[in-house]
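Residue numbers (our numbering), protein chains in the order written: chain A, 365 to 865; chain B, 10 to 109.
Hints are not guaranteed to be accurate.
[Stated by the list, open to error] Computed footprint of chain A on chain B, listed as stretches where at least three residues anywhere in the stretch have a Cβ under 8 Å from a Cβ of chain A:
{"id": "1", "stretch": "28-40"}
{"id": "2", "stretch": "49-57"}
{"id": "3", "stretch": "62-71"}
{"id": "4", "stretch": "86-92"}
For the record, the hints were derived by calculation from the structure and aren't laboratory data.
Each residue gets a CB set at the ideal place from its N, CA and C atoms; glycine is no exception.
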Amino acid sequence: MSASPDLSAMSARQLRDAVASGGISAREIAEAAYARAESLDTEVHAFLQLTPELAFAAAEKVDRARAAGEELPPLAGVPAGIKDNMNLVGTRTTCGSRILHNHESVYDCTAVRRLLAAGALPIGKCNLDEFAFGSSTENSAFGPTRNPWNLERVPGGSSGGSAACVAAGMASVSLGSDTGGSIRQPAALTGTVGLKPTYGRVSRYGVVAFGSSLDQIGPFGKTVDDVALALEAIAGADPFDATSSPEPVARYAAAPGEGVRGLRVGVVRGMLETEGLAPAIRAAVRDAAETLAGLGAEVGDVELPSARHGLAAYYIIGPAEASSNLARFDGIRYGHRCEDPADVIDLYMRSRAEGFGQESIRRIMLGTYALSAGYYDAYYGQAQKARTRIIEDFRAAFSRFDVLLTPTTPETAFRFGAKVADPYSMYLNDVYTIPVNLAGNCAVSVPAGLDPAGLPIGIQLIGDHFAEATLLRAAAAFEAAVAFAPVPPLVRSLGTPKGGE
Amino acid sequence: MAITESDVRHVALLARLALTDGQVATLTAEIGAVLGHIEELQHLDLAGVEPTAHPLAMTNVMRADVVRPCLPRALALKNAPASDGRAFVIPAIAGVGEEA
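All chains, full assembly: derive it from the sequences and hints.
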């Protein structure tokens, strides 16, 4: 006789505990997630594909384990979204691209497999900018995702669907991937928590590669605690990914409760002085510094002098790696093949030109140019040296501080089409997040409040390599102090769900 | 180092992309603009700085040389645009001209 669970009101941990105590079944949670998706997703378009067969099978497994008196895993019955660049058998994995529009997964991504092994229910595959190239989901070949806070505005990207499904309460956690900000930027724009782990913390086996020296998979959630739970489930070494780290997985899920007394927090001053930073976001970062100081953290100033070259270095290194990784889409082994190729070169050239969207072509061309004979040293070589300088800056900063504080984005959610005509204006959205990928550190965006237009603001906390537990501690303390539990108006308008049978 | 349409056509061939004349013109302008924005890198004095290919100090990762199961052929061919059930089917390669 239980009421239908409100996925916006309950955290992943609360849902799991309610399932474990018998107050609610995993099946009811899956039903609530799909009911919410039915109400909202025609407008939001967070999902490219719903996967009820997989979700209800997973729910049944959880409910049977509960009935048998077994101890339930940490995400038992938690509804989850999965970015559609991660493979899961029984789903298509399209990467938001025409070139893979009917691609069926033939193996499982390790991070997805681990999330599901922890009892999560796979609700669907989430929309993204094609191959994760973008900051708005406008580059998806299957239409953009809309921000649940304001349907006229973008949810950020590239993991915009993963962010929007959590913001709209269609899932409690989701997986995204972050190469230059693709988890943290949409988290900031949708009022969700999004964490990019340290490079190597989470296996990349089964996520379609973009920039191999930069990519990481990470979780979204409504709360820091939920993100910690999901991170603990997916982190750790994997024999199928040689870049995954053997560093032991800490008890991330226990970290949030520890407080910040004595924690050294460095405010990156240069990033508050950048042109184009919205005043409300600058104020939110200053307030966050005061909040953390009030909780007993030792707050000081720090500079990352080379980080201002991060965007330039990234727009060489990222496209260069992407152009190499996307060479695998050749119309031979999978993906779109053109009609009546004259020969194999014609097959490659037309299949790729027909299959890839505009931004993918732009990045492939930029990367191929930067790596081509005569330009390699001037562009790629120089960018890799600038990267060394950025890493040295972070190392120096973390010799003095435990956590760094910056804005996540220069502005809140922008309107559709606002940045399409000038690709570089879109790239600027990731100016604060990109240096973290170049240096391989971990970072999280946490909601800090709303701007005067009623749109969410995120602050970014950055941690040292493999210091996710410290990062989560700071994030949770901040979250508790601001006591801002963001629920979009679209979701509030649905009202309280009616009781079930 | 202004990029020209002829550079863009050359790079498109390297990248195996059959671009239209319109795309070549647009990309010449767009890539030129992005290169203009990132030109700052050319002015940095980075002589003697070691380039970074990977952000963590990881040494080579080796595994035991043992046979383990791999993707079965039927699954490897599942998404192929053309296959004969045993292999990928492609147009003839021998005799096809390469770029200079």
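Hints and how they fare:
no.	hint	verdict
1	28-40	holds (count 5)
2	49-57	holds (count 5)
3	62-71	holds (count 6)
4	86-92	holds (count 5)
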